[in-house]
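Peer 1: Listed below, chain by chain, are the residues.
Number of protein chains: 2
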Amino acid sequence: MRKRLSKDEYVAGVLEGNRMILSRAITLIESQLDTDKALAREVLETLLPHTGNSVRLGITGVPGVGKSTFIETFGKHLTNQGKKIAVLAIDPSSQISKGSILGDKTRMEELSRDPLAYIRPSPAGISLGGVTHKTRETMLLCEAAGFEVIIIETVGVGQSETFVHGMVDFFLLLMLAGAGDELQGIKKGIMEMADLVAITKADSGNELQARQAKVSYENALHLFPASGSGWYPKVLTCSAVTQTGIDDIWKTILAHRELLQQNGYFFINRKQQNLAWMHDFIKQTLEERFYQNPQIQQELSSVESAVTEGKKLPIKAALELLRLFEKSIHS
Amino acid sequence: MRKRLSKDEYVAGVLEGNRMILSRAITLIESQLDTDKALAREVLETLLPHTGNSVRLGITGVPGVGKSTFIETFGKHLTNQGKKIAVLAIDPSSQISKGSILGDKTRMEELSRDPLAYIRPSPAGISLGGVTHKTRETMLLCEAAGFEVIIIETVGVGQSETFVHGMVDFFLLLMLAGAGDELQGIKKGIMEMADLVAITKADSGNELQARQAKVSYENALHLFPASGSGWYPKVLTCSAVTQTGIDDIWKTILAHRELLQQNGYFFINRKQQNLAWMHDFIKQTLEERFYQNPQIQQELSSVESAVTEGKKLPIKAALELLRLFEKSIHS
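Protein chains in written order, with full-length UniProt numbering: chain A, 1 to 331; chain B, 1 to 331.
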């Protein structure tokens, strides 16, 4: 086993941008051990004044949209400008496959070898809610390590997009120009969160279809209520193969940032996100403490039986368990 | 103020099917007073053996689909067969308008005068989660009062459908035959919950379009994974004006019931629903107790300020509040 670092060693290493120590700090954050958790929080709290300076960018799209190829091309575009970028994934499927390191390294081959880029897959074996907290903390560590753009990607089919939307400044939705089914593949709620919709694979004779899709999406986005930030969602076409439109996407992200920093919404949004994070964590912890309480674990199955057999009113059963829980923490 | 009834008076009145006492029992359930809540639970617990015998039916559809007209026609169809029916609403909009009694009575005029029908609007002024628990309890009261079909309706645009799906035996989705946008108006997730999709307003020259929509929906429903119950979602067309298809819908509901009672899934589903209800209530109560704790209420705003100003890590702030909460219930 590797020697455990001290708080100061983690802090100094991360602030220097030492990737090996950054990786070990992220592993510390992902640890389920209580001592590791406490140390991780100390490290983060110390690093807090050095966080918040990156462009926090969420990218989502259904499988097949060319998300990895896009992130690779987009990422290289930024590293070519000398920007340090980090790519983090919130991937519920990795909960099943127990980690997707191989997948991430393989699918973004060039970017993963780029010294200015840092790619970190989802932590495996914990709940989606847990992954979300770890990803937020990892984002803070990457910021403290000097990364200027943090890309958080999801698969665009589940609940995780809402989580990502709650931790980024800008939400980019990748879509394919399809045959009449432009709005079908993705949940409507995800579309509403997008600051920019980019139609991918606008190349190889697909350009006209992509432009038509652009018009459809622009019309569709007009149906959604304005977000209050003063920003109206844009639609662009792009191609990772011909590199078309990639720079426009980056410029749109910067324009959005400039507008929202000017009108103050950028800071309001970040503050609200921090608050929401705290409250999410409170709710999650309250539930964990209840269900992991030894007395609850001992009684739960018999109470559950009484409820499923219709002998006990679910709400009354719940109240009895809650009383037991409160008694057990009193004693 | 009206004299408060005793537990035995509520129980006896509900079991007799006395509507005035049923209404007062529902009001008791909706009360936010602790003494009322405790009495309500006693009443429900006593009535529990008399519940569970109704057809629990969820009906949803976007505004404009003709939901009220459908429920009125469908409800009359059942009361004409001598069946006692209750219509309950989970209506998030009533949280804003503070009750929709007038609306409900107006929009189902004939049904609301039918002695075999009982219509009760959403309780106002409480959260959607709260409404859900109250609606479940109201459903149990109505069952104890001898209602044979309980219709729980929602508006088909929000989160409430998932709640309704979690408390009914059969989920009916009403859809309009539209011009090419058959799948657009409603969230995809709602479609997946449907046991039956009924295309409304198949009349006045709209019949062909309705039949075409039927085929589209049948194709779409095939894309969803099977539910495990052995039931494959059906699509029917109907008209509240010409009364076409109304009886087919009822027969489909009964066929579904027969199949699922034979293969046992009906009972498995009800048991799982009871369990989920208990756990939902536990989570909701844990949060309520935390946020209503006087010490938390006193400290919350200063901790929130520290978090929004970036002076405190959200997770650390959460843990400090949780520690304060636990200390306050110890003492």
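What the hints contain is simulated information worked out from the structure, not anything from laboratory work. Treat each hint with caution, since some may be false.
Copies of the same chain look alike in the list, so a pair counts if it works inside one copy or between any two.
[Claimed, not checked] Here are the simulated SDA-like cross-link-like pairs (lysine to any residue), alpha carbons at most 20 Å apart as the crow flies:
#  : residue 1 : residue 2
1  : 7         : 329
2  : 327       : 299
3  : 312       : 68
4  : 76        : 215
5  : 251       : 49
6  : 271       : 316
7  : 316       : 50
8  : 327       : 31
9  : 76        : 15
10 : 327       : 207
11 : 37        : 270
12 : 7         : 301
13 : 271       : 310
14 : 76        : 159
15 : 7         : 221
16 : 134       : 193
17 : 311       : 287
18 : 84        : 320
19 : 251       : 230
20 : 7         : 66
21 : 76        : 222
22 : 283       : 293
23 : 7         : 264
Peer 1: Measure nothing new, just compare the shortest in-copy and cross-copy C-alpha distances for residue 312 and residue 68 to 20 Å and report within, between, both or neither.
Peer 2: Close neither inside one copy (51 Å) nor across copies (35 Å); limit 20 Å.
Peer 1: I want to check one pair: residue 7 and residue 301. Are their C-alpha atoms no more than 20 Å apart within a copy, between two copies, both, or neither?
Peer 2: neither (42 Å within a copy, 30 Å between copies)
Peer 1: Tell me, please, which holds for residue 271 and residue 316 at an alpha-carbon limit of 20 Å: within, between, both or neither?
Peer 2: between (39 Å within a copy, 16 Å between copies)
Peer 1: Cα distance capped at 20 Å. Does residue 134 pair with residue 193 within a copy, between copies, both, or neither?
Peer 2: Cα proximity of residue 134 and residue 193: none, with 22 Å in one copy and 32 Å across.
Peer 1: Is it within a copy, between copies, both, or neither that the alpha carbon of residue 37 lies no farther than 20 Å from that of residue 270?
Peer 2: neither (24 Å within a copy, 40 Å between copies)
Peer 1: Tell me, please, which holds for residue 7 and residue 66 at an alpha-carbon limit of 20 Å: within, between, both or neither?
Peer 2: Answer is neither; intra-copy 40 Å and inter-copy 64 Å both fail.
Peer 1: Is it within, between, both, or neither for residue 76 and residue 15, if the alpha carbons may be no more than 20 Å apart?
Peer 2: neither (24 Å within a copy, 72 Å between copies)
Peer 1: 20 Å Cα cut-off: does residue 84 pair with residue 320 within a copy, between copies, both or neither?
Peer 2: Neither way: residue 84 and residue 320 sit 54 Å apart in one copy and 34 Å across, limit 20 Å.
Peer 1: Between copies, within a copy, both or neither: which fits residue 327 and residue 207 at Cα up to 20 Å?
Peer 2: Close neither inside one copy (67 Å) nor across copies (64 Å); limit 20 Å.
Peer 1: Indicate which option fits the pair residue 316, residue 50 if close means a Cα-Cα distance not exceeding 20 Å: within, between, both or neither.
Peer 2: between (49 Å within a copy, 17 Å between copies)
Peer 1: If the cutoff is 20 Å on CA atoms, where do residue 327 and residue 299 land: within, between, both or neither? Let me know, please.
Peer 2: Within one copy, since 13 Å is at most 20 Å while 24 Å is not.
Peer 1: When Cα atoms must be at most 20 Å apart, do residue 76 and residue 159 count as within-copy, between-copy, both, or neither?
Peer 2: This pair counts as neither: shortest intra-copy Cα distance 29 Å, inter-copy 40 Å.
In summary, the structure is inconsistent with hints 1, 3, 4, 5, 8, 9, 10, 11, 12, 14, 15, 16, 17, 18, 20, 21, 23 from the numbered list given earlier, while agreeing with the others.
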